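For the protein sequence lines, the chains are A and B, in the order given. First residue of the first sequence: 1, per my numbering; consecutive thereafter. First residue of the second sequence: 113, per my numbering; consecutive thereafter.
Be careful, since some hints might not be right.
Claimed, not checked - Once the Cα atoms are required to be at most 25 Å apart in a straight line, the calculated DSS-like pairs of lysine-lysine come out as:
#1 A:Lys71 <-> B:Lys114
#2 B:Lys210 <-> A:Lys57
#3 B:Lys154 <-> B:Lys210
#4 B:Lys168 <-> B:Lys210
#5 A:Lys57 <-> B:Lys168
#6 B:Lys210 <-> A:Lys71
Unchecked claim - Among the chain A residues that face chain B by a calculated CB cut under 10 Å, a handful are:
#7 Pro8
#8 Ala31
#9 Tyr35
#10 Arg44
#11 Leu45
#12 Gly58
#13 Lys71
#14 Glu100
#15 Gly104
#16 Thr112
To be verified - Simulated DEER-style distance windows between Cβ atoms:
#17 B:Lys210 <-> A:Ser22: 20 to 26 Å
#18 B:Pro223 <-> A:Asp54: 46 to 52 Å
#19 B:Lys179 <-> A:Asp38: 25 to 31 Å
#20 B:Tyr151 <-> A:Asn26: 20 to 26 Å
#21 A:Ser80 <-> B:Lys179: 40 to 46 Å
Simulated from the structure, these hints should not be mistaken for laboratory data. What you are looking at is a predicted structure, and each value in this text was computed from that prediction instead of being measured. Glycine included, every Cβ here is placed at the ideal spot set by N, Cα and C.
Residues per chain, in single letters:
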Amino acid sequence: DGGITQSPKYLFRKEGQNVTLSCEQNLNHDAMYWYRQDPGQGLRLIYYSQIVNDFQKGDIAEGYSVSREKKESFPLTVTSAQKNPTAFYLCASSYRSGDEQYFGPGTRLTVT
Amino acid sequence: QKEVEQDPGPLSVPEGAIVSLNCTYSNSAFQYFMWYRQYSRKGPELLMYTYSSGNKEDGRFTAQVDKSSKYISLFIRDSQPSDSATYLCAMRNFGNEKLTFGTGTRLTIIP
């Protein structure tokens, strides 16, 4: 059963703590993406990776970090430097960079 | 001014009606246009993917692109309660993997 999985579905953290969100895909897609969704705003790109061991900053990369050590996995770390980390985080992938993107179910992060 | 404008709604229509959802954009370089459906607390689901101007039909859904007016539409025929969701438009330039999203229109189909 192919698809994109994100875990956990809900995540709660205290301010000042780093937290890592998981994203895994078994679609054999080269490109992967991280977006953030806030009420009343469109999805905003945090980071993207066109290929293993390579990634680029998106529009709102400050306070976030990523790694792409395996084709299937693209974890996102929300660091304590991110000023407003509470949001719905969405991972996406595409067969190649520029192809249509398919999304995972999302992780809702709440930081208090 | 945002690059992509989308009326947030909410939009409520009776079951069986034709729904029209729209986005306008300012960047004339956009060439690829997408519509996503997003149910509450779920990830967006790709509905339609079109290139340049014209119409594309898939079942009850029709995507329409008018590049001269910088205007795209999604029509839903014979609307069903299961179509109740937020609809997001997205677009990008040729050779650019970055998508620019609208804010989404919340649609409710009333049985």
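Going through the numbered hints above, which ones does this structure break? Give me the numbers in ascending order.
1, 5, 7, 13, 16
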